[in-house]
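Protein chains: 2
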Amino acid sequence: MEPNHEEPKLEAFDKILVALENEQIDLFRSEFLELHPYDQASIFDEVTEDRRQQIYTYLSPQEMSEVIEHFDFEDVSPLIIEMNPTYAAHILAEMSTDDAVDIMNNFEKDQVASYLTLMHKEEADEIKDLLHYEEKTAGSIMTTEFVVVNKNMTIREAMVHLRTQAPDAETIYYVFVVDEDKHLVGVISLRDLIISEEDWLVSDIMSDRVVYVSVGEDQEVIAKIMRDYDFLALPVVDFKKHILGIITVDDIMDVMEEEASDDYSKLAAVSDMDRADLTPFDAAKKRLPWLIILLFLGMVTASLIGRFENTLDQVAILAVFIPVIAGMAGNTGTQALAVTVRGIATGDISKEGKLKRLKKETLTGLITGITCGLIITGVVMLWFGHVYLGMIVGFSILCSLIVATIAGSFLPLLMHKMNIDPAVASGPFITTINDIISIIIYFGTATIFMDLLI
Amino acid sequence: MEPNHEEPKLEAFDKILVALENEQIDLFRSEFLELHPYDQASIFDEVTEDRRQQIYTYLSPQEMSEVIEHFDFEDVSPLIIEMNPTYAAHILAEMSTDDAVDIMNNFEKDQVASYLTLMHKEEADEIKDLLHYEEKTAGSIMTTEFVVVNKNMTIREAMVHLRTQAPDAETIYYVFVVDEDKHLVGVISLRDLIISEEDWLVSDIMSDRVVYVSVGEDQEVIAKIMRDYDFLALPVVDFKKHILGIITVDDIMDVMEEEASDDYSKLAAVSDMDRADLTPFDAAKKRLPWLIILLFLGMVTASLIGRFENTLDQVAILAVFIPVIAGMAGNTGTQALAVTVRGIATGDISKEGKLKRLKKETLTGLITGITCGLIITGVVMLWFGHVYLGMIVGFSILCSLIVATIAGSFLPLLMHKMNIDPAVASGPFITTINDIISIIIYFGTATIFMDLLI
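Line order of the protein sequences matches chains U and B.
So the mapping is simple: the working numbering equals the position in the first sequence, first residue as 1, plus 934.
So the mapping is simple: the working numbering equals the position in the second sequence, first residue as 1, plus 934.
Looking at chain U on its own, in the form it has when it is part of the complex (with noise of 0.2 Å):
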C-alpha cells in the first residue's frame, strides 16, 4: 500500500513539468518551492540534463542548496560537476557543512580544491576543517551549525540568543551549554527553556550530565547511544571537552540505513555498492572478485574429494550424500555467524563473554546436530535402504553440525578481537570452509568403515 500523500503529490509534479515546458519561470518557483525538498529532489530523478540546466538558472544556489541535500551522497556528484562551477561552489557553501563535507568526500583533490577557491574564506575554511576528519568518524557526520549558550545567561537572555541563531541552526530543540572556556558543561532542552521562568538561570535548569561523544568515535557507537538514548542531537568534543559541532538525528537515520545494508551485503557477500542500479556489467565485476576467490576455495574441496578417489570408485553411492552433508554444516554455519555478529552489534555478547558464547554454541551445535544426525539415519535406511551408509551419514552430519557451528561462532569473535569488522566473515566464506571441514568428516569416516559399505 502506497502512502496516501502520494496523490497531491503527482498532481503538483506534473504541473512543475508543464511549466518547465513552457518557460513559466514564475509557475514553476511558485509550485516547486511549495514542496518539502525530498519531493524536490525527486523530480531531479525524472527529468533530462537539459531541464536539470533549466532548473538551475531558475532556483538561487540557497534554494538548490535544499534540494541537494536530500539526495543520496553518491549520485549527488554528477548534478554538482554538471553545473557552473560558480554556482556549485555557492551551492556548497550554503549547504549544512557536515552535508557539503560527504558530497566533496566523492570528488578528486582538485575539484575539491578549485570548489573550495571559489567560494568565501569563511565558508572555505569550515568546509576544510571538516574534510580532514576520517570516514565514518563523529568529526565526519557532524556539523558545524549548532546553538551554544553560556551557562551564566538568563533564559530571557538564552531565548533571545536562539531566536537570532535559529535560522542557520541545524536543530534548536536542544541547546548546548558552555562555560567561559568554551568547556560543554550541560545541555537544555527548548522544552524546558519555554515552560521556565524567565529570570532564571540556564545554569539552574541545565542537565548538567550530559552525554558526548569524542571526535574520532566509529559512527555505528554513536548511532547505537542516539537510538539507546532518544536523543534528537548529540555533541561532539574534542580532547579537552571543548564543543566542535552536533550530530543531529537525521544523520544518524541514514547511517543506521548505511550500516544496516553493509551488515547485510556482507552476509550475501556482495559489495555494499553493489546496488540494483548498476549496468550488468559494473554488477559483475563487483561480485566477480568474491566468486573467484570462492571458486579456488572450492577447488581446494575438489582436489580434497579427489583424495578419496579410490573410496569414491569402490562405492559411487557415497557420492549422493555430499551436498546435503555440506550444505547442512554451511546451513547451521551461517545461522551461527549470523547470530554472532548480530549479538556483537548490539552489544549483546560483550555483557555475557565470549568464552561463554563459545561454550552455549557447543551446546546448540551438540543439540541440533544429535538431531539432524538421527533424522538423516532414519531417512537414508528406510529412503535408501543402506543400513550402515544411514548410520555413516548420520555421524557425518552430526560432527559437521557441531564444528560448524562453532565456527561460525568463533570467526566472527576472533576478528572482532583482532578489530576486524565480523560481518566481512561473509556467509558464502564461512560455508566454503565448512564444506571442506565436513567432506573430510564424511570420506574420512567412510574410509576407515569401508568394509561394512561394500
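Just so you know, the hints here were simulated from the structure itself, not pulled from any lab data.
Just to be clear, a hint being listed does not mean it is correct.
In the DSS-like style, the derived pairs of lysine-lysine whose C-alpha atoms are separated by at most 30 Å in a straight line are [to be verified]: (1) K1116(B) x K1085(B); (2) K1351(B) x K943(U); (3) K1351(B) x K1220(U); (4) K1043(U) x K1055(U); (5) K1158(B) x K1158(U); (6) K1174(U) x K943(B); (7) K1070(U) x K1158(B); (8) K1288(U) x K1220(B); (9) K1174(U) x K1116(U); (10) K1158(U) x K1351(U); (11) K1290(U) x K943(B); (12) K1219(B) x K1290(U); (13) K1070(U) x K1220(U); (14) K1293(U) x K1220(B); (15) K1288(B) x K1220(U); (16) K1174(B) x K1351(B); (17) K1175(B) x K1351(B); (18) K1351(U) x K943(B); (19) K943(B) x K1070(U); (20) K1351(U) x K1070(U); (21) K1158(B) x K1085(B); (22) K1085(B) x K949(U); (23) K1085(U) x K949(B); (24) K949(B) x K1288(U); (25) K1294(B) x K1158(B); (26) K1175(U) x K943(B); (27) K949(U) x K1175(B); (28) K949(U) x K1290(B); (29) K1174(B) x K949(U); (30) K1116(U) x K1055(U); (31) K949(B) x K1174(U); (32) K1288(U) x K1219(B); (33) K943(U) x K1116(B); (34) K1174(B) x K943(U); (35) K1175(U) x K949(B).
The hints should help you fit chain B onto chain U, whose structure is shown.
For chain B alone, kept in the frame of chain U given last:
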C-alpha cells in the same frame, strides 16, 4: 573504542549499588534519578531479583515507568510480572501509551485484562484503543500524547496551550494544526513558533502541505518516509483525515533496527528472536525447524544424484566437482537475492521495473558465468589433467550461474508481487534450490557426453 562518557557513569553505578546494599534510600534516589533513564535501565540488567524488588519500593510508579521505557520490550515482561500487580498497573498507566501497548502485546489475554482492571478507566481505555491495531502498523507504534492547536489561534494562544501540554506530550517540536472538525490541516514547528510575531495567526505561518500516514500503514514504509523527509514526528490519521496520533523519531529508530535485524536474520535463516542471549536449548529449538526443512530438501538433491548412480559408477571422478558447482550456484544466487531484496527495500527497483531488473540479472549471470566457466575449465584441464571433464564442468558452471542468478532475483520479485516479505526467501533456501538445479545440469551434461569421459 568505548565512548568516553562511560567513566563517570561507572562511578555513579558503584555509588548506587553501595547505597542499595546499605539500604540508604535517599542516597540511592538522589544518585539514581540523576542518571539518564537508559543508564537506569542498564542497572536492572546487573542486579539480582532481590535488589530489583528493593528498587521497586524505592521508586514511584512514575519514576519506574521512565526506566521501563528504555528497555527492549521483550525484556520487560518478566520485570512487570515480578512486580506487585497494582504497582505494575500504575507503571503501565504512566508510560507513553504506545510503549505500554508494545509491552502488553507480549502478555496473555487474561494478564492484559487484569492489569487493565487495576488502572483508572481513562488510561485503560486509551491502551485498549491501541491494542486493536495490528502489529507493525502505524497504529501500533503511534502515541496518543501529542499537541494539536486550532488554526484560528494566535501564536500567543498557541504558545500558552503548548506550555500547558508540554509535560505530557511525547514531543512538542512539531505541533499539528486542526480545523473546527478536528481534521488535520497543517503543521508548524516550534522553531517557527518562537521566531514569529505573537499576534500572527497559526494559519498564517503553518505549512499546509503536511505529510501524514494512514493508521494501517506498514512501519517499514513509515521509517522510509521519516528518513527521506528528515521528520522528527509524523501524524497518523483515519480515513476521514482526523488525527489519531503521532509517530516520533525515537520509535522509528527502534523500527529501523528491528527491520534491519529481521532482514539480516532471514538471509541466514535464523528466526529474528534467536538472540545471542538465549540458552542453547532455546537457540536449537529456534534453528531446528529451518534445518530440518533444509535437510529434507537436501535429501531431494541426494535422491537426484542417486538417479545418476550409473553415470557415477562409471566415472567416479565426477563426484569430485559436485560441491564446487553446487557451491558456486548457491553463492551467485545469494548475491542476486541480496541485491534484489535490498533494491526492493530501498525502492530502487520499483523505479526501474521488474522485467528490466530480471534482464539485468540475466546479463550479469551470463558475464559471471562465462568468466567462472572459463577459469574452471582451465584449472581442471591443468590441475586434474582431464580435458573433456574440464569442458563439462566449465559448461555446467556457466549454465548454473545463469540459472542461479535469475532464480535469486526472480524469487524475491515474485514474493513481493504476492505481498510476501521478500526477505523470507532466505539464503539457505535459495542455496538449496540452486544445488538441485546445478546438479541436474551437471549430471545431465555428463550423462550425455559420457562417451568422452570413459
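Okay, the hints, checked on the actual structure:
1. Our distance criterion of 30 Å between C-alpha atoms is met by K1116(B) and K1085(B), whose separation comes to about 10 Å.
2. Only pairs whose Cα atoms come within 30 Å are accepted, and K1351(B) paired with K943(U) is accepted, the gap being roughly 25 Å.
3. Of the supplied pair hints, the one linking K1351(B) and K1220(U) holds, its CA atoms being roughly 28 Å apart against a limit of 30 Å.
4. As the CA atoms of K1043(U) and K1055(U) are separated by approximately 18 Å, the hinted pair is consistent with the 30 Å bound.
5. With a C-alpha separation of about 19 Å, the suggested pairing of K1158(B) with K1158(U) holds against the 30 Å cut-off.
6. Proximity of K1174(U) to K943(B) is assessed by CA-CA distance (about 19 Å); at most 30 Å being required, the pair is judged to hold.
7. Restraint check for K1070(U) and K1158(B): satisfied, since their Cα atoms lie roughly 22 Å apart, inside the 30 Å limit.
8. For the given pair, K1288(U) sits about 21 Å from K1220(B) by alpha-carbon distance, which is consistent with the 30 Å threshold.
9. Among the hinted pairs, K1174(U) with K1116(U) is consistent with the structure: their alpha-carbon atoms are about 10 Å apart, no more than 30 Å.
10. Under the criterion of a C-alpha separation no larger than 30 Å, the hint pairing K1158(U) with K1351(U) is consistent with the structure, at around 20 Å.
11. Using a Cα cut-off of 30 Å, the hinted pair K1290(U) and K943(B) holds, with the two alpha carbons roughly 26 Å apart.
12. Between K1219(B) and K1290(U), the direct Cα distance comes to roughly 19 Å. Compliance with the 30 Å bound is thereby established for this hinted pair.
13. The straight-line distance between the Cα atoms of K1070(U) and K1220(U) is roughly 22 Å, inside the 30 Å bound, and the hint therefore holds.
14. With a C-alpha separation of about 18 Å, the suggested pairing of K1293(U) with K1220(B) holds against the 30 Å cut-off.
15. Using a Cα cut-off of 30 Å, the hinted pair K1288(B) and K1220(U) holds, with the two alpha carbons roughly 21 Å apart.
16. Using a Cα cut-off of 30 Å, the hinted pair K1174(B) and K1351(B) holds, with the two alpha carbons roughly 29 Å apart.
17. About 29 Å separates the Cα atoms of K1175(B) and K1351(B), which keeps this hinted pair within 30 Å; it holds.
18. A hinted pair counts as satisfied when its Cα atoms are at most 30 Å apart, and K1351(U) with K943(B) qualifies at roughly 25 Å.
19. This hinted pair checks out: K943(B) and K1070(U) have alpha carbons roughly 26 Å apart, not beyond 30 Å.
20. With a C-alpha separation of about 20 Å, the suggested pair K1351(U) and K1070(U) falls inside the 30 Å cut-off, and the hint holds.
21. At most 30 Å may separate the alpha-carbon atoms for a hinted pair to count; K1158(B) and K1085(B) meet this at roughly 29 Å.
22. For the suggested pair K1085(B) and K949(U), the alpha carbons sit about 28 Å apart, so the restraint of at most 30 Å is met.
23. Straight-line distance between C-alpha atoms of K1085(U) and K949(B) comes to about 28 Å, which keeps the hinted pair within the 30 Å bound.
24. Between K949(B) and K1288(U), the direct Cα distance comes to roughly 28 Å. Compliance with the 30 Å bound is thereby established for this hinted pair.
25. For the suggested pair K1294(B) and K1158(B), the alpha carbons sit about 26 Å apart, so the restraint of at most 30 Å is met.
26. Distance restraint check for K1175(U) and K943(B): the Cα-Cα separation of roughly 17 Å lies within the 30 Å cut-off, and the hinted pair is therefore satisfied.
27. Distance restraint check for K949(U) and K1175(B): the Cα-Cα separation of roughly 25 Å lies within the 30 Å cut-off, and the hinted pair is therefore satisfied.
28. Between K949(U) and K1290(B) the CA atoms are separated by roughly 29 Å; this keeps the pair inside 30 Å, and the hint holds.
29. Straight-line distance between C-alpha atoms of K1174(B) and K949(U) comes to about 26 Å, which keeps the hinted pair within the 30 Å bound.
30. Taking the CA atoms of K1116(U) and K1055(U), the gap is about 24 Å. The hint holds against a cut of 30 Å.
31. For the hint linking K949(B) to K1174(U), the alpha-carbon distance of about 26 Å falls within 30 Å, and the restraint holds.
32. The straight-line distance between the Cα atoms of K1288(U) and K1219(B) is roughly 22 Å, inside the 30 Å bound, and the hint therefore holds.
33. Restraint check for K943(U) and K1116(B): satisfied, since their Cα atoms lie roughly 23 Å apart, inside the 30 Å limit.
34. At most 30 Å may separate the alpha-carbon atoms for a hinted pair to count; K1174(B) and K943(U) meet this at roughly 19 Å.
35. With a CA separation close to 25 Å, the supplied pair K1175(U) and K949(B) stays within the 30 Å bound.
When each numbered hint is compared with the structure, no violation occurs for any of them.
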